[in-house]
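Chemist: Here is what each chain is made of, one letter per residue.
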Amino acid sequence: MLYAFLCYNNEAAVMSWSKQHEETVMARLGLVHEKLRQRGKLGPSLRLMATTAATTLVKEKDLVLDGPYAETKEALLGFYVIACDDLEEALSIARELGQANPGGAYEIRPVRLFNNDQLAQGPGN
Amino acid sequence: MTDIAWMGAALAASRPQAVSALLRYFRDLDTAEEAYQEACLKALTAWPKNGPPRDPAAWLIFVGRNVAIDAKRRSAKQQQLPEEDRLSDLSDAEANIAEAIDAGDYRDDVLRLLFICCHPDLPATQQIALALRIVSGLSLAQIARAFLVSEAAMEQRITRAKRRIGKAGVGFTTPSPIERSQRLAAVAAMLYLLFNEGYSVNSDDAIARAALCDEAIRLARLLLGLFPSEPEILGLAALMLLQHARSAARFDAQGQIILLEDQNRALWDRERIDEGLALLDKALRHKSRGPYQIQAAIAALHGRAASFADTDWTQIELLYALLEQLQPSPVVTLNRAVAVSKAQGAAPALLLIEPLAQRLDGYFYFHGMRGALLLELGCKAEAREAFHRAIALANSPGEAAHIRAQLDQLQQNAHTP
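Protein chains in written order, with our numbering: chain A, 1 to 125; chain B, 1 to 417.
Derived by calculation from the structure, the hints in this document are not laboratory data. Quick caveat: nothing in here was measured; it's all calculated off a predicted structure. Possibly wrong hints are sitting among the right ones.
Simulated crosslink set (DSSO-like; lysine-lysine; CA at most 27 Å straight-line) [unchecked claim]:
id: 1; chain 1: B; residue 1: K287; chain 2: A; residue 2: K59
id: 2; chain 1: B; residue 1: K380; chain 2: B; residue 2: K342
id: 3; chain 1: A; residue 1: K59; chain 2: A; residue 2: K41
id: 4; chain 1: A; residue 1: K61; chain 2: B; residue 2: K287
Far from chain B by the CB rule (all over 12 Å, computed), these chain A residues [to be verified]:
id: 5; residue: V32
id: 6; residue: E34
id: 7; residue: R47
id: 8; residue: T51
Reference listing, derived: stretches of chain B covered by chain A, where coverage requires no fewer than 3 residues with Cβ under 8 Å from a Cβ of chain A [what the hints assert, rightly or not]:
id: 9; region: 3-15
id: 10; region: 158-166
id: 11; region: 216-224
id: 12; region: 277-286
id: 13; region: 339-348
Even for Gly, the Cβ is constructed at its ideal location relative to N, Cα and C.
Please model the entire structure based on the sequences and the hints provided.
Modeler: This is the structure we're talking about:
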């Protein structure tokens, strides 16, 4: 079974990390990543840009809002990673997806770091 | 797990919100700062024991308020109320506090705190120093180091500035939309000053100064979190990120400044460029142009260009022309002339800057650029004269060295037939 791990933290605090602390944390994570990689267990992992870089498309009203998706009633059900030239292209792709699957919203958040690791085994193994 | 680094970051990140909410409550800056300090002390013992709070800012505001009220009561020799008991058992109350502090209040609180530092009577350097002390919570020593002055001098400067804003009396009612946008504009200008304080100058103090750029960006992000749809705040954040992305490429090993055209673009910080581009995209979607957005768009064209030769100078010239309309200034015209010289040649660029001669006579870049244009047009004697003027006006050894290199070239060319 594949599991997605969604990372939550106090954003303001993480953005206030000193460079040194940031490097320490990244080095610690790197060790864990390496172990997983050697066992062929690590799939793609990514770090998102700050929520200030997010734009939200509320599908049904075709409403574009600045900032992350703030409602708490809906749950996170999945996500895509799509290469887009700019925000306009991202929004038009989101609209197209929204027509295929109405309801809810897409939070469009640029990716800061993308480690495109390959799993040794395909899903289902 | 509540490690020290986590607590330090959480306390620092919560400071603007906590101090500004406490300021609204006590209407006095010193009381608000003391209450915040007291709350931080309590956090250092309470958080490792009870675990970190879900909302550190709300915790600090709640505790800071109680501590300060308690101190007031004690100093008024009134009987102490049993607030301390509640303090030791905050975990249950936490969820309620977080909800009780309305998000809208937060927003105007933080803006007010930043705006207080922008008092028009204060010279720019004092505005910045005050913001770093009050909003960012940098120590006097850190601020003094960044401004290259003694700690005592910086303390005096900040005390004086505080006294002045104490008399100013900023309104504590919810600001009207017009007031809010005026405050935002003033704060944006102050943040850009703070950024430029860290961005200019030579490499000797580049590391100490770079902290100012980081802080300006952090505060811009904080503002953006509170006012997510303000195109000019988006533009300002984008502009700062796009410029700061080049910082590792701006000086050579000898500490001499490297001009944009000679910078090693592999040293540019791609993450900052990407974030700047993302924020600029968001800003432009609002179709409400402004000076920060235009400058960010110019910086974005540099950021996107794989090399100096690949730069879209025609587009940059159009953007400078637009900026000139919105914010006419000889320096903007000078920058436009740089783009004109690349897109159309030295002659029309020289024509554009000649009328600025009087107003920019004391400006290093004017003479440096005029010299370069004249040289390109083959007017060697005039070029030499302009370069000498520029050297006399250079702001740093790096700038002077750059001009001297062009003069040397001129000299060498003169010797070779």
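Chemist: Please list, smallest to largest, the hint numbers that this structure does not respect.
Modeler: Numbers 3, 7, 8, 10 and 13, in rising order.
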